[in-house]
Amino acid sequence: MSFNKLYWEDVTERDIIPSVSLELTRDRMVMIVCGTRDIFPLHHDMDFALASGYKAPAAPIAFLQGLVGRCLTDWTGPAGKIHKISLILNSPNYQGDMISVSGKVVKKFVDNGEHKLDCELAVTKQDNTVSATARATMTLPVKSKSRSRRAK
Amino acid sequence: MKANTLPPKLRKYVGRMSKFVEGPDEVNKAMIRHWCEMVEDANPLYTDEKYAESSEYGGIVSPPAMQSTWVYPRWWPPATMPPDVGPAQLDLPLEDAPIPAVISLTEEYFLPIRPGDRIRYSTTLDSISTLKKTRLGAGHFITTTNRYFNQRNELVGTSQYVLFRYRLSANIEGLKPKG
Chain A
0 MSFNKLYWED VTERDIIPSV SLELTRDRMV MIVCGTRDIF PLHHDMDFAL
50 ASGYKAPAAP IAFLQGLVGR CLTDWTGPAG KIHKISLILN SPNYQGDMIS
100 VSGKVVKKFV DNGEHKLDCE LAVTKQDNTV SATARATMTL PVKSKSRSRR
150 AK
Chain B
0 MKANTLPPKL RKYVGRMSKF VEGPDEVNKA MIRHWCEMVE DANPLYTDEK
50 YAESSEYGGI VSPPAMQSTW VYPRWWPPAT MPPDVGPAQL DLPLEDAPIP
100 AVISLTEEYF LPIRPGDRIR YSTTLDSIST LKKTRLGAGH FITTTNRYFN
150 QRNELVGTSQ YVLFRYRLSA NIEGLKPKG
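As given, the protein sequences belong to chains A and B, one line each in that order.
Numbering that gives the first Met the number 0 puts the first sequence at residues 0 to 151.
Numbering that gives the first Met the number 0 puts the second sequence at residues 0 to 178.
Looking at chain A on its own, in the form it has when it is part of the complex (with noise of 0.2 Å):
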């Protein structure tokens, strides 16, 4: 298998990060209890989740923290690391749903002799709907050091 090497030079503000999808299928359900060990039953339990106002099992943060540094880390490669990672909730992201995940660079910087990256990312659901945004600060390996140093 080979995988993305994403230079930090080779990095635009406004790049594009590409999306990456997953139906949340009853199955995928029981696979983030396995993931995560959350067995917080609005995350598994019809009957909890609608006496709790929702309208089905959502699925847990973590999900969504697995899937943003899945699409992160897919576009740069294992190369890239990941230093932060914030999350806002909009709203539930329920079983049955085709949830999406992808992003673009807003500023790219050097800080303390690290390349970084801050990234936005948004997470839709197959009407559109934003249920989640992200933003994330990144680092990635740079094509010579020695010259990137002199450079700044």
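Hints listed in this document are in silico derivations from the structure and should not be mistaken for laboratory results.
This one's a predicted model, so the numbers in the text were calculated from it and none came from an experiment.
Take these hints with a grain of salt, some might be off.
Stated by the list, open to error - Listed next, with one range per pair, are the computed distances between beta-carbon atoms:
1) B:Q150 with A:V32: 25 to 31 Å
2) B:P76 with A:S20: 17 to 23 Å
3) A:V129 with B:P72: 30 to 36 Å
Glycine residues also receive a C-beta, built at the ideal position from the N, C-alpha and C atoms.
Given the structure of chain A, go ahead and fit chain B onto it with the hints provided.
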């Protein structure tokens, strides 16, 4: 917003830090793989031994966002289960606002987490709002920060949660099951 209307029984919790809770298992490759299956994440640092050994890490690392998964409580046996994760560790007296909804989450990752590590964490209550009425119902906005440490006492990461702890508003009360 009148901060002084927050009842003293809640106000005294602001700034409080919970005891440390240790994750039930050491960080391990099987649980990392389960997380990757969940979102179909093929990052070879997480699951490809050979690739990871040749990387700057010298071996498999955990997806950074798994830091909270490493400290999730046991499901069994009940006697050894901590009450819950996060704010529940603070024993906030919010029995009348039992349902938690996550509003936002900000995580920072400082050090890699590797198989064999033991992760523990503690929660601090940063702030709590007065009673607010929202679309969901009446409740309190609560901000907490979890700090995760490894067995060498190094801070590996933090999570700041903004939660809304609420009870259902009257118009959907009818959906509530008995008990």
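How the hints compare with the structure:
1. B:Q150 with A:V32: 25 to 31 Å: Distance hint for Q150 of chain B, V32 of chain A holds at roughly 27 Å.
2. B:P76 with A:S20: 17 to 23 Å: violated, 39 Å
3. A:V129 with B:P72: 30 to 36 Å: Check passed, 33 Å falls within 30 to 36 Å.
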